[in-house]
Amino acid sequence: MAKSNNESIERILTKFLDEFHQGKNPKIRDYLRLYPGKEKKLIRELTAAKITYLTFHPERDKKEDEESLANLLKRLKDLKEKNEKK
Amino acid sequence: MIKEAELIKRAQLGNSTAFGKLVNRYWNKVFLLTTKYCKLEEDKEDIVQEAFIQAWQNIKRFQRNSTFFFWLCKIALNLIYEKRRKKKLKTISLHSLPQDYLKDENVISPLEELEIKELKERLYQFIEHLPREERIVYRLRMIESLPYQRIIRITGQSKTAAERCFRRANSKVSKFLQEENLSRWPNQIMRALREY
Numbered sequence: 001m002a003k004s005n006n007e008s009i010e011r012i013l014t015k016f017l018d019e020f021h022q023g024k025n026p027k028i029r030d031y032l033r034l035y036p037g038k039e040k041k042l043i044r045e046l047t048a049a050k051i052t053y054l055t056f057h058p059e060r061d062k063k064e065d066e067e068s069l070a071n072l073l074k075r076l077k078d079l080k081e082k083n084e085k086k
Numbered sequence: 087m088i089k090e091a092e093l094i095k096r097a098q099l100g101n102s103t104a105f106g107k108l109v110n111r112y113w114n115k116v117f118l119l120t121t122k123y124c125k126l127e128e129d130k131e132d133i134v135q136e137a138f139i140q141a142w143q144n145i146k147r148f149q150r151n152s153t154f155f156f157w158l159c160k161i162a163l164n165l166i167y168e169k170r171r172k173k174k175l176k177t178i179s180l181h182s183l184p185q186d187y188l189k190d191e192n193v194i195s196p197l198e199e200l201e202i203k204e205l206k207e208r209l210y211q212f213i214e215h216l217p218r219e220e221r222i223v224y225r226l227r228m229i230e231s232l233p234y235q236r237i238i239r240i241t242g243q244s245k246t247a248a249e250r251c252f253r254r255a256n257s258k259v260s261k262f263l264q265e266e267n268l269s270r271w272p273n274q275i276m277r278a279l280r281e282y
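Listed in order, the protein sequences are those of chains V and H. Quick note, in this note's numbering, the first sequence goes up one by one and the last residue is 86. Quick note, in this note's numbering, the second sequence goes up one by one and the last residue is 282.
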């Protein structure tokens, strides 16, 4: 995965989903490390993409160990709560 | 034909005719569901009947954050569990059950299956209401798992335009997921989705 800080969110999403399509199991936190400064936007976009992808392709989640969908849903809930506090 | 929401509203105000119409509308569907999980014929009839009685008794508590049918299914499935539990209590000693059975949290119950289905349904419905261009790209990419090379051949867009469409759709899905009341997605569904 090539790293570029100027990469658009659109392109990052493409790379993220390409990994799923290749049978890999991309981790959101890896992408956050790769694209510093875009964390907030990336968390929302990648979390939504991952939840939706895993919902429609649940077999992909079998390999999930560290970053389970449950954690993703929890993170989304936390984000929602944070937004409500603002 | 009177809309379901109107019938529910009337039933919640105590109108039994309106509730009767809901019964007619959903009896067969609930019966089919119980057929899937109940072996004895007499049990099915009892469960469907009891489910509608409980629905009538609790209709005021029905909140519209799920469909009426889903709510009915939950009542029916709870009754099935209850019946199974009672039968087990009559016939099986707790000590005779394997310890793994008692501990196994990975067993997905019919109710959990239904909850997963409901989540998928809600998500699918949301995607179906996206603007046409976004919906097509999002479905091809997310549900059909197609690469952009093939998507742009179908839609006639440039890759950048298709990626933008996808991003717009994904942002909306993200907002939808955040607005969903996640607290009503019980632990079971999160676990079931993870293990599915």
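Hint data in this document are derived by calculation from the structure and do not stem from the laboratory. Take the hints with a grain of salt, since some may be wrong.
To be verified - Stretches of chain V that chain H covers, calculated by requiring three or more beta carbons in the stretch to come under 8 Å of a beta carbon on chain H:
#: 1; stretch: 11-19
#: 2; stretch: 25-32
#: 3; stretch: 49-57
What the hints assert, rightly or not - Distance condition first, Cα-Cα at most 30 Å in a straight line; then the derived DSSO-like pairs of lysine-lysine:
#: 4; chain 1: H; residue 1: K115; chain 2: H; residue 2: K172
#: 5; chain 1: H; residue 1: K115; chain 2: V; residue 2: K40
#: 6; chain 1: H; residue 1: K115; chain 2: V; residue 2: K38
As the list claims (entries may be wrong) - Label-pair restraints from in silico Cβ distances:
#: 7; chain 1: H; residue 1: E92; chain 2: V; residue 2: R11; range: 18 to 28 Å
#: 8; chain 1: H; residue 1: I139; chain 2: V; residue 2: Q22; range: 50 to 60 Å
#: 9; chain 1: V; residue 1: R29; chain 2: H; residue 2: S102; range: 36 to 46 Å
#: 10; chain 1: V; residue 1: K24; chain 2: H; residue 2: R218; range: 30 to 40 Å
#: 11; chain 1: V; residue 1: S8; chain 2: H; residue 2: E131; range: 54 to 64 Å
#: 12; chain 1: V; residue 1: K40; chain 2: H; residue 2: K122; range: 29 to 39 Å
#: 13; chain 1: V; residue 1: S8; chain 2: H; residue 2: A91; range: 37 to 47 Å
#: 14; chain 1: H; residue 1: Q149; chain 2: V; residue 2: P36; range: 20 to 30 Å
#: 15; chain 1: V; residue 1: R11; chain 2: H; residue 2: K122; range: 38 to 48 Å
#: 16; chain 1: H; residue 1: N164; chain 2: V; residue 2: K40; range: 16 to 26 Å
#: 17; chain 1: V; residue 1: G23; chain 2: H; residue 2: N164; range: 55 to 65 Å
#: 18; chain 1: H; residue 1: R147; chain 2: V; residue 2: E7; range: 41 to 51 Å
#: 19; chain 1: H; residue 1: L118; chain 2: V; residue 2: E81; range: 34 to 44 Å
#: 20; chain 1: H; residue 1: Q98; chain 2: V; residue 2: P36; range: 32 to 42 Å
C-beta: ideal position from N, C-alpha, C; glycine also.
(Q) Going through the numbered hints above, which ones does this structure break? Give me the numbers in ascending order. (A) 2, 5, 6, 7, 9, 12, 14, 16, 17 and 20
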